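Counting along the sequence shown from 1, when you hit position 112 you're at 112 in the UniProt record's numbering, and nothing is skipped either side.
Only true hints are included.
Between beta-carbon pairs, the in silico distance windows are:
#: 1; residue 1: Met532; residue 2: Thr292; range: 50 to 56 Å
#: 2; residue 1: Gln315; residue 2: Thr589; range: 41 to 47 Å
#: 3; residue 1: Pro346; residue 2: Ser564; range: 22 to 28 Å
#: 4; residue 1: Tyr494; residue 2: Pro346; range: 52 to 58 Å
#: 5; residue 1: Asn25; residue 2: Asn91; range: 27 to 33 Å
No more than 25 Å apart at the CA atoms, straight line, and that leaves these computed lysine to any residue pairs for SDA-like:
#: 6; residue 1: Lys37; residue 2: Ala20
#: 7; residue 1: Lys621; residue 2: Arg348
#: 8; residue 1: Lys436; residue 2: Asp231
#: 9; residue 1: Lys256; residue 2: Thr484
#: 10; residue 1: Lys316; residue 2: Thr46
#: 11; residue 1: Lys37; residue 2: Asn22
#: 12; residue 1: Lys30; residue 2: Asn10
#: 13; residue 1: Lys635; residue 2: Ile528
#: 14; residue 1: Lys550; residue 2: Asp562
#: 15; residue 1: Lys31; residue 2: Ala20
#: 16; residue 1: Lys30; residue 2: Asn44
#: 17; residue 1: Lys31; residue 2: Thr123
#: 18; residue 1: Lys550; residue 2: Pro322
#: 19; residue 1: Lys628; residue 2: Ile528
#: 20; residue 1: Lys37; residue 2: Gly17
#: 21; residue 1: Lys334; residue 2: Thr610
#: 22; residue 1: Lys37; residue 2: Ser254
#: 23; residue 1: Lys316; residue 2: Asn258
#: 24; residue 1: Lys635; residue 2: Glu586
#: 25; residue 1: Lys436; residue 2: Trp485
#: 26; residue 1: Lys41; residue 2: Ala326
#: 27; residue 1: Lys635; residue 2: Arg398
#: 28; residue 1: Lys41; residue 2: Phe12
#: 29; residue 1: Lys635; residue 2: Ser363
#: 30; residue 1: Lys487; residue 2: His474
#: 31; residue 1: Lys550; residue 2: Ala326
#: 32; residue 1: Lys334; residue 2: Pro322
#: 33; residue 1: Lys37; residue 2: Ile14
#: 34; residue 1: Lys256; residue 2: Glu125
#: 35; residue 1: Lys41; residue 2: Asn63
#: 36; residue 1: Lys436; residue 2: Met75
#: 37; residue 1: Lys621; residue 2: Ala379
#: 38; residue 1: Lys256; residue 2: Val383
Keep in mind the hints are simulated off the structure, nothing from the lab.
Fair warning: this is a prediction, and the values are worked out from it, not measured in the lab.
Quick reminder that beta carbons are idealized off the backbone N, C-alpha and C, glycines included.
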Amino acid sequence: MPCVADWLNNPFSIVQGIFAQNVPNSDWEKKVTEYFKEKLKENNATNWVPSLNDVPVHYLKPNSLVKFRCMVQDMFDPEFYMGVYETVDPNTNARVLHFGKYRDVAECGPQQEIDLNSSQTVTSERQTFYCVPVPGESAWSVVVLNLQFYAYISASQARVSPSTSYTPSRHKRSYEEDEDMDLHPSKQKEQHIGNSRSGGDIHGCVEPKRLETEASAGHHLVSPNCSPPLDLNFPLPGEKGPACLVKVYESWDSFKVNDVLEVYGILSVDPVLSILNSEESSALDPMECMDTAEEQRVHSPPASLVPRIHVILAQKLQHINPLLPACLNEEESKTFVSNFMSELSPVRAELLGFLTHALLGDSLAAEYLILHLISTVYARRDVLPLGKFTVNLSGCPRNSIFTEHIYRIIQQLVPASYRLQMTIENMNHSRFIPHKDYTANRLVSGVLQLASNTSLVVDETQLEQGQLDTTGVHNVTALGNLITWQKVDYDFNYHQMEFPCNINVLITSEGRSLLPSDCQVHLQPQIIPPNMEEYMNSLLTAVLPSVLNKFRIYLSLLRLLDYSISDEVTKAVEDDFVEMRKNDPESVTADDLHRTLLVARFLSLSAGQTTLSRERWLRAKQLEALRKARLQQQKCVNGNEL
Numbered sequence: 001m002p003c004v005a006d007w008l009n010n011p012f013s014i015v016q017g018i019f020a021q022n023v024p025n026s027d028w029e030k031k032v033t034e035y036f037k038e039k040l041k042e043n044n045a046t047n048w049v050p051s052l053n054d055v056p057v058h059y060l061k062p063n064s065l066v067k068f069r070c071m072v073q074d075m076f077d078p079e080f081y082m083g084v085y086e087t088v089d090p091n092t093n094a095r096v097l098h099f100g101k102y103r104d105v106a107e108c109g110p111q112q113e114i115d116l117n118s119s120q121t122v123t124s125e126r127q128t129f130y131c132v133p134v135p136g137e138s139a140w141s142v143v144v145l146n147l148q149f150y151a152y153i154s155a156s157q158a159r160v161s162p163s164t165s166y167t168p169s170r171h172k173r174s175y176e177e178d179e180d181m182d183l184h185p186s187k188q189k190e191q192h193i194g195n196s197r198s199g200g201d202i203h204g205c206v207e208p209k210r211l212e213t214e215a216s217a218g219h220h221l222v223s224p225n226c227s228p229p230l231d232l233n234f235p236l237p238g239e240k241g242p243a244c245l246v247k248v249y250e251s252w253d254s255f256k257v258n259d260v261l262e263v264y265g266i267l268s269v270d271p272v273l274s275i276l277n278s279e280e281s282s283a284l285d286p287m288e289c290m291d292t293a294e295e296q297r298v299h300s301p302p303a304s305l306v307p308r309i310h311v312i313l314a315q316k317l318q319h320i321n322p323l324l325p326a327c328l329n330e331e332e333s334k335t336f337v338s339n340f341m342s343e344l345s346p347v348r349a350e351l352l353g354f355l356t357h358a359l360l361g362d363s364l365a366a367e368y369l370i371l372h373l374i375s376t377v378y379a380r381r382d383v384l385p386l387g388k389f390t391v392n393l394s395g396c397p398r399n400s401i402f403t404e405h406i407y408r409i410i411q412q413l414v415p416a417s418y419r420l421q422m423t424i425e426n427m428n429h430s431r432f433i434p435h436k437d438y439t440a441n442r443l444v445s446g447v448l449q450l451a452s453n454t455s456l457v458v459d460e461t462q463l464e465q466g467q468l469d470t471t472g473v474h475n476v477t478a479l480g481n482l483i484t485w486q487k488v489d490y491d492f493n494y495h496q497m498e499f500p501c502n503i504n505v506l507i508t509s510e511g512r513s514l515l516p517s518d519c520q521v522h523l524q525p526q527i528i529p530p531n532m533e534e535y536m537n538s539l540l541t542a543v544l545p546s547v548l549n550k551f552r553i554y555l556s557l558l559r560l561l562d563y564s565i566s567d568e569v570t571k572a573v574e575d576d577f578v579e580m581r582k583n584d585p586e587s588v589t590a591d592d593l594h595r596t597l598l599v600a601r602f603l604s605l606s607a608g609q610t611t612l613s614r615e616r617w618l619r620a621k622q623l624e625a626l627r628k629a630r631l632q633q634q635k636c637v638n639g640n641e642l
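Model the full structure from these sequences, guided by the hints.
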């Protein structure tokens, strides 16, 4: 393993060297990108780069190379900057060319002045993204990424001061202990007692992995130079971590709002960037500045609170599971996939058993939960999203901790999730739909601004009698549109803009949900534990971290597999459906065919099969028959429709 080289600690020296060798040739920019791309291809080099997700900004060396895994929350207007500029020494008239790329502030020596009229000046354009950590990212996902960085720190025997990089004492703890902390928040609270930032998250579970990385305990930060407090604009309440202004220089058109990116770039925390938030900003001539004070405050926040990253390399992530290779198309990744697929059957059996116990012995509900967790929108036909599989798990005890524990289990299995408690108060007072604030010229986030493949658990058992106001009605409508069409209509005041999404929605309810769903599964508990809390905790305790990791890989990997149906099987399915219609024309509809095909698709993928076989089709029909029979039985018991 190489030592911490200049390209990591002082990337500007590398850029300066390439710039000096190639000016006035404009290829210097491409050569900089190629240089860092090659460096990051070295053995585990991406793990050597400190991450803003894991390391507080005040522990990172300014102008060093960092990485950030984030979601694009908003896109600001493009900005112009001096890509190349010339300085002159008034005494000697000596001239020097400088690069302005990857900088916020133009640099020149003490005896130099910038020649704004120089013919050598090159004006360039860059795009600024406002980025936040992936909303609802699970603590276990952060743990894995932390350990990769800490392993490098330990192996390289780094002993650093806070002004250069970060060496937390926590890296000495084993992975099993980290997992134990995630599964048992009570131990967490004991360990962090006395820590002013050890409060629980919105779901009641502490997320220790971000305690050291959060900039504050919530949305708002009080800056010494601005008032009122700065809103970091996180989509979910109680989120922690840094927000960043990410400056993109190339191919920014390929990125969209809500994309999840991993960026590698130069960290900029220059105090000069805070000037617009200081009292000095009042001295600016309003005729020279078209931005409002609020827009200046939002677009130029203090760099100590919202650091800048000047991007050298950026990639859109297929997934955010750190246990999987970032790109599954590479040769090494194919070997990983092949090896895991060879042991898929026992992993599925273990996961089915685990979820069956979690669902109080209901194996049918566990089967459907697996299918739901691997579902994803794989295509869109006109306005119809294909592959969405929203499940309504009805029959859940009302006002019970059961649904909370089901969410905790899902949280341990997927990389990003959120539990939305559907109370009258939440519906009436929460901000679900992002909207445009024209005064600040920014997109104000909402709960439904989530990254692709986030698991959204809607807990309808919390719903009580009450009156929805206008906001509540709009929120429920938006939730219904997300489920049905997999889109959220952002509010731009004078019009709405449609943003497609890919969110897995699980609805837990006592009776049939008020919200639409693709599939209702009524829970039939086979066991009623005398102490639900103790039962669920013991279930999580019994699972080894290595087994949990296999479950996590299984669920993420199967979402990414391609799937097809041969012409022969398609013909057989069509004939079978015609026969079903003949036998029972009243109850067998086109919706039944669509749902059964979905079940067959995810049933095949859950077994590692990328094509539909007749056996899987028959198994899908069997599962659907059992599910419908259960609903009919419940209808007869209750005497009304579920």
